[in-house]
Each structure stands twice: as structure tokens, then as C-alpha cells.
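Residue strings, one per chain:
Protein chains: 2
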Amino acid sequence: MPTLRKDPIGGRWVIIATERNKRPSDYGESVRSPQAEFCPFCAGNEDATPPPIAEERTGDGWDVRVVPNKFPALRSEGEITRRGEGIYDEMSGIGAHEVIIECPEHISDIAELDTAQIEKVLRVWADRLRELRQDPRLRCAIVFKNHGAQAGASLEHAHSQLIALPIVPKRLAEELEGAKKYQEFRDRCVFDDILQQELDSEERLVYQNEDIVVIAPYASRFPFELWFLPRRGEPWYEHADLRTYHCLAEALQVVCRKLNRALDHPPYNLMLHSAPFTDEDMSHFTWHLELIPTLTKVAGFEWGTGFYINPTPPEEAAKHLRDMDI
Amino acid sequence: MPTLRKDPIGGRWVIIATERNKRPSDYGESVRSPQAEFCPFCAGNEDATPPPIAEERTGDGWDVRVVPNKFPALRSEGEITRRGEGIYDEMSGIGAHEVIIECPEHISDIAELDTAQIEKVLRVWADRLRELRQDPRLRCAIVFKNHGAQAGASLEHAHSQLIALPIVPKRLAEELEGAKKYQEFRDRCVFDDILQQELDSEERLVYQNEDIVVIAPYASRFPFELWFLPRRGEPWYEHADLRTYHCLAEALQVVCRKLNRALDHPPYNLMLHSAPFTDEDMSHFTWHLELIPTLTKVAGFEWGTGFYINPTPPEEAAKHLRDMDI
Numbered sequence: 000m001p002t003l004r005k006d007p008i009g010g011r012w013v014i015i016a017t018e019r020n021k022r023p024s025d026y027g028e029s030v031r032s033p034q035a036e037f038c039p040f041c042a043g044n045e046d047a048t049p050p051p052i053a054e055e056r057t058g059d060g061w062d063v064r065v066v067p068n069k070f071p072a073l074r075s076e077g078e079i080t081r082r083g084e085g086i087y088d089e090m091s092g093i094g095a096h097e098v099i100i101e102c103p104e105h106i107s108d109i110a111e112l113d114t115a116q117i118e119k120v121l122r123v124w125a126d127r128l129r130e131l132r133q134d135p136r137l138r139c140a141i142v143f144k145n146h147g148a149q150a151g152a153s154l155e156h157a158h159s160q161l162i163a164l165p166i167v168p169k170r171l172a173e174e175l176e177g178a179k180k181y182q183e184f185r186d187r188c189v190f191d192d193i194l195q196q197e198l199d200s201e202e203r204l205v206y207q208n209e210d211i212v213v214i215a216p217y218a219s220r221f222p223f224e225l226w227f228l229p230r231r232g233e234p235w236y237e238h239a240d241l242r243t244y245h246c247l248a249e250a251l252q253v254v255c256r257k258l259n260r261a262l263d264h265p266p267y268n269l270m271l272h273s274a275p276f277t278d279e280d281m282s283h284f285t286w287h288l289e290l291i292p293t294l295t296k297v298a299g300f301e302w303g304t305g306f307y308i309n310p311t312p313p314e315e316a317a318k319h320l321r322d323m324d325i
Numbered sequence: 000m001p002t003l004r005k006d007p008i009g010g011r012w013v014i015i016a017t018e019r020n021k022r023p024s025d026y027g028e029s030v031r032s033p034q035a036e037f038c039p040f041c042a043g044n045e046d047a048t049p050p051p052i053a054e055e056r057t058g059d060g061w062d063v064r065v066v067p068n069k070f071p072a073l074r075s076e077g078e079i080t081r082r083g084e085g086i087y088d089e090m091s092g093i094g095a096h097e098v099i100i101e102c103p104e105h106i107s108d109i110a111e112l113d114t115a116q117i118e119k120v121l122r123v124w125a126d127r128l129r130e131l132r133q134d135p136r137l138r139c140a141i142v143f144k145n146h147g148a149q150a151g152a153s154l155e156h157a158h159s160q161l162i163a164l165p166i167v168p169k170r171l172a173e174e175l176e177g178a179k180k181y182q183e184f185r186d187r188c189v190f191d192d193i194l195q196q197e198l199d200s201e202e203r204l205v206y207q208n209e210d211i212v213v214i215a216p217y218a219s220r221f222p223f224e225l226w227f228l229p230r231r232g233e234p235w236y237e238h239a240d241l242r243t244y245h246c247l248a249e250a251l252q253v254v255c256r257k258l259n260r261a262l263d264h265p266p267y268n269l270m271l272h273s274a275p276f277t278d279e280d281m282s283h284f285t286w287h288l289e290l291i292p293t294l295t296k297v298a299g300f301e302w303g304t305g306f307y308i309n310p311t312p313p314e315e316a317a318k319h320l321r322d323m324d325i
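Protein chains in written order, with numbering that gives the first Met the number 0: chain A, 0 to 325; chain B, 0 to 325.
Calculated from the structure, these hints are not laboratory results. Hints are not guaranteed to be accurate.
Quick list of in silico lysine to aspartate or glutamate cross-link-like pairs, EDC-like style, CA-CA up to 16 angstroms [what the hints assert, rightly or not]:
| id | chain 1 | residue 1 | chain 2 | residue 2 |
| --- | --- | --- | --- | --- |
| 1 | B | 119 | B | 240 |
| 2 | A | 318 | A | 202 |
| 3 | A | 119 | A | 62 |
| 4 | A | 169 | B | 173 |
| 5 | A | 180 | A | 192 |
| 6 | A | 5 | B | 192 |
| 7 | A | 169 | B | 176 |
| 8 | B | 5 | A | 173 |
| 9 | B | 318 | B | 202 |
| 10 | B | 179 | B | 280 |
| 11 | B | 5 | A | 192 |
| 12 | B | 5 | B | 89 |
| 13 | B | 69 | B | 46 |
| 14 | A | 179 | A | 191 |
| 15 | B | 180 | B | 192 |
| 16 | B | 179 | B | 191 |
| 17 | B | 169 | A | 176 |
| 18 | B | 169 | A | 173 |
| 19 | A | 69 | A | 45 |
| 20 | A | 179 | A | 279 |
| 21 | B | 179 | B | 279 |
| 22 | B | 69 | B | 45 |
| 23 | A | 119 | A | 54 |
| 24 | A | 5 | B | 173 |
If you want the footprint, here are the derived chain A segments under chain B, 3+ residues with CB under 8 angstroms [said to hold, decoys possible]:
| id | region |
| --- | --- |
| 25 | 1-13 |
| 26 | 147-161 |
| 27 | 168-177 |
| 28 | 261-275 |
| 29 | 300-307 |
Don't be surprised by glycine CBs; every beta carbon is placed ideally from N, CA and C.
Assemble the whole structure, with the sequences as input and the hints as a guide.
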């Protein structure tokens, strides 16, 4: 049974995922390349995964398929229990850990999918969030995508993952708190202000369409870090209107193609930040996607401080991508 | 000129290090192995580094040598200026970025140095901190060590780095705040309580000597994460007494040798957390060292949440290292 444990100093929670238990001798394997001869995510190999939680179908086969993670970090069955162990605090590791298989064919890069297929994936993310928010044990969910072995992908076939949690994780809590303080101080939403300034100056603007704006953020932690922001502030990704998913699909396709040309098909992590599962007022927050290409190594300084050294100013990254033909 | 920029949502600062400016085509190089034919850190090649800031000598040559980083993330000259750019905040990138060359011979692993040499390195860290805290522009410093290319080292020769900052970085600020709250709530120091519980239960204990205790922390973010704690709580590493550096050298040597045997010479990051440069009461805080072997990849979930999934319970990691002969 996985457990959640809280660090008594910094207050950070971690998942001790005993069901993916690794012995010291197992760590060599992470270096192996994920070039699998047999791919459990390809159409025809459905038996190799647990039974699907959801499927998006238009014709005979499936277009997008959602399955439970075979080695889940959290378990979906059971009650949430909290207990102390001396001075320490722990919680049962309840949650959901799902895999979204993004296409039936063995394609690894979503930039190669057509816009309609990417849109289906983005709508399935929203469907899953709408379903999971019904579970009173869960407080929020994050959808993320690890593309390429260097970015942590263990299988090549295009897929994303969803983890739903019984607590609001640190990074999201900090964003919510920071955005709330900003609104209290300025009576405006920080996301609106960012959008306004970035559209006015254009120096960090990468791409825009009807509903989505892509920028290299002012305080980018990493070279070529990118944020995808909706023009209309909406706290919950799952409550966006359908046109938004279409525009986001287009933005993802164009921007990933630009990245592929600019940085020779970089590995990357893509993360959806969406407000927690609550009915409280969240008007200070706007869902958004963050993309981080895996170009530099996070090392002692970053781990020790939570401070990042970025050798490429976002203005340069943005200009480079803006000018890149696809 | 490097600048510090603040993220308007989460409040995190980053260093935009223009002096290490990298163009997109430069990113391939980070994959190259750091096997240098010519080593600028070896005795005899002193001309290849900037002139030393400090040297520790006993005989003819130097034993430990401190030089400015050739590609500093921050600049030491100038005033601290703050300004706004629309809704954003920035600060001039003032600070110090030094490299501590840990031995004159071309040895890459401190586990191969004798205890007396490691102790010299640890005392030089303290010397540098004592000197830098005189600079009123600086608020704190972090010493860290990236061992192995996978952990971000760009040169093989054993070395550590020191970065002094004009602000207290997020992670240290969180530790200070968490420890302060704990003290207000319980009237005890959280570090004392951790030490007490770990020495009583022994299940996460890795090693101990007269002054230093090494544990796998209860809420380990990473497999085989280790903390080195002094028995006598002291907020500032640079104010520890001399015997402590001797005991810490011994602990580092033994534990790194154990890690080398248990995990086949893993790359790792080592970070010193020490209280900020202030005369305020910091009795709620204790300096300590954190060591993180580079075994798993940090990916979308961790970046998106600040939440970690650790597949190896610290109890198992500790038992494995405790039982490992060296």
C-alpha cells in the first residue's frame, strides 16, 4: 500500500510508492532506452494493459484510450486515513493514476498527429477530470506528459498521465496563494495582467490563435520553457468551452513542431495546472499548460535552493521560436 | 549582466544568466561526457583558472584551492538595484560564484580522498562562508557539489561550488519558516526531535559517529536520499566547532563508500543548508547536508506538483547502506 508522508521541516508531501518498489540493483534499468520491440499501447495489443477506464471511438477501433497505470503511484480503493508516527505525519496513498494513450498507431510525437486527434486527447483529459472531481476523496488532479526517455518516458508510444490526489500539492498551492495575494493587492487577476503585458510587448510571445496565447514566461526557470494560456481566464481546464480545446490542439501542434526544428526534437515535460476540485471562488486563477524541454541538468544548486539558473533569456527563446518556420 | 527575476504567480526567483548565454545549438553539448584530456583543476594547470580567492597550503603546493567560477551565474561587483518592468520585478544579479577544487591530484571521487583531506575541504567551505557573510549585500550562501556528469558536473576533477545570494532562496526560506512554526507549536527544535526519533528507532539510521548522524529522511523525495545532521544543533555551518568538520569528513567518506558499493558509484548532488547571514535568533534551525543520488528522472509529475514519487522506502535504503561493508 503506497503512503503519503509529510516532511516535518518544509511541509512537503511525498509518495512512498511501495508497489513500484525498486531494489538498489534495479536502478541501472532507468538508463536503458525505451525502444521496445513490443508496444503495449499499440492497437491490437489491448490485452497487454489493464482493462480501459474510458475509450474515445469514432469508427471501428479506438482513437484515444485511458487505462489504469500498471504500476500506480497511488491506489484508487480504500478510505483516506491519517496517522502520526512519532513526530511524523502520514496518510494512506489514495488517488488515481491513469494513462492516456494518445493514438492507436505507434507514433511517439504528438507533433506528428493531426489537429483533430490532438483535440480528442485534450477533450479526454477534460472528460477524466470531470469524472474524477465527483470522487469526494480527491482534491485535485494533474495531467502531464513525459516525451522522450530523457524526460522520463518509459514507453515511446505517445501517451500522457493523470494523477489525482487527496491533497493539493505544494506547487499548485503556491500558485493559488500567489495569485490570490496578487488579486487582493491589485484587484486584478495576475493571469490577465500577464496576458496583457505579453500581448502588448510581444517580446516573449511565441504564438497566438483565437483562444490560446503561448509565451516564454518572464521568469523562465529553464531555457525554452513555455506557457500556454487561454485568453479567457477560467480556473478549471475541464470547464473550458469546446473551441478552446480545438485552439489548444492547434497551438500544441504548431509549437511542438517549432521546438522540433529549433532544438532538434527535444525531450520535454508538459504539465496541466488546473484549479482544485472545489466549488469555491477561484477567479484569481487560470488553468494553463507548462512545457519544459529537457535541455539542462537540474543539479545541486537548484535542489538546494529551489532557485534556477537559466542561461537563455526568454526573450531570445521566444524570438527564435517565433521566427522558426514549420 | 545577469539579472534576478521574480515569477509574479508563485513568487519564485530565477537567475537569467546572460554571461553563460547559450544559443539553441549549444544544448547538444550538455550530453558530452566530461572526460577532459586537459584538466584545469589539476596542480600544474593553475593558469587555466582565474587567480585564486583562497588557498589551503601545508607544504610546497596547495591542498585545496578556491577560484571564481569562469562562467559565473552572478557577478560580485556592483550595487543591488531593484526595478519593475510592468507587472514584473527584477533585481541586479549580484552575488558570488566560487569553485572549491578539492584536491591537487586528478581524483574525481571524494570517497577516495583521505579523511584529513576531506576535512580540509569542509573547513575551507566554512572559511569562505565566514568571509562572505561580511559582505552586507549578501543574505546567504549555499555550498553544493555535483558529482558525475549525470548529476550535472561539467568537470571530472573533484570540486564543489559556492553561490552567495542577495536574497534567501525559496527552499531555505520554507525550511526556516517550517522549523519556526514547529518551534512555536511544540517549543522544541524540529531537528532535535528528528534526531531523537531516528536514534531511538534506528530504522532509518545509516551511520553515526561522535558528532554526526546520517539518516535516510522519513519523507525522502528520492531513493537513497540522505541527510547528515550534527548532534549539537547549530544554525550556521561556519560556526560549528572544528571537531565537527572532522566528524563530518569521516561520515562523508564512509557513507560515500557505502553508496559506491550499494549503487555502483552513483552520480549525486550534495547540498549544504545553513542559516542566512544574519544575527537574528535562528535557534529553530540546524545546518545540515543533503545528498541525493541521481537514480530516477524528475519528470512532469514532479515539475507540475512539487510532489515526489519515491519507489524505495527510506527504511529499506537505510538498512541496505547500514549493512554494507566497506
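Checked hints:
{"no.": "1", "hint": "B:119 / B:240", "result": "holds (14 angstroms)"}
{"no.": "2", "hint": "A:318 / A:202", "result": "holds (7 angstroms)"}
{"no.": "3", "hint": "A:119 / A:62", "result": "holds (8 angstroms)"}
{"no.": "4", "hint": "A:169 / B:173", "result": "holds (11 angstroms)"}
{"no.": "5", "hint": "A:180 / A:192", "result": "holds (14 angstroms)"}
{"no.": "6", "hint": "A:5 / B:192", "result": "holds (15 angstroms)"}
{"no.": "7", "hint": "A:169 / B:176", "result": "holds (15 angstroms)"}
{"no.": "8", "hint": "B:5 / A:173", "result": "holds (14 angstroms)"}
{"no.": "9", "hint": "B:318 / B:202", "result": "holds (7 angstroms)"}
{"no.": "10", "hint": "B:179 / B:280", "result": "holds (10 angstroms)"}
{"no.": "11", "hint": "B:5 / A:192", "result": "holds (15 angstroms)"}
{"no.": "12", "hint": "B:5 / B:89", "result": "holds (6 angstroms)"}
{"no.": "13", "hint": "B:69 / B:46", "result": "holds (12 angstroms)"}
{"no.": "14", "hint": "A:179 / A:191", "result": "holds (13 angstroms)"}
{"no.": "15", "hint": "B:180 / B:192", "result": "holds (14 angstroms)"}
{"no.": "16", "hint": "B:179 / B:191", "result": "holds (13 angstroms)"}
{"no.": "17", "hint": "B:169 / A:176", "result": "holds (15 angstroms)"}
{"no.": "18", "hint": "B:169 / A:173", "result": "holds (11 angstroms)"}
{"no.": "19", "hint": "A:69 / A:45", "result": "holds (13 angstroms)"}
{"no.": "20", "hint": "A:179 / A:279", "result": "holds (13 angstroms)"}
{"no.": "21", "hint": "B:179 / B:279", "result": "holds (13 angstroms)"}
{"no.": "22", "hint": "B:69 / B:45", "result": "holds (13 angstroms)"}
{"no.": "23", "hint": "A:119 / A:54", "result": "holds (11 angstroms)"}
{"no.": "24", "hint": "A:5 / B:173", "result": "holds (14 angstroms)"}
{"no.": "25", "hint": "1-13", "result": "holds (count 10)"}
{"no.": "26", "hint": "147-161", "result": "holds (count 5)"}
{"no.": "27", "hint": "168-177", "result": "holds (count 7)"}
{"no.": "28", "hint": "261-275", "result": "holds (count 9)"}
{"no.": "29", "hint": "300-307", "result": "holds (count 7)"}
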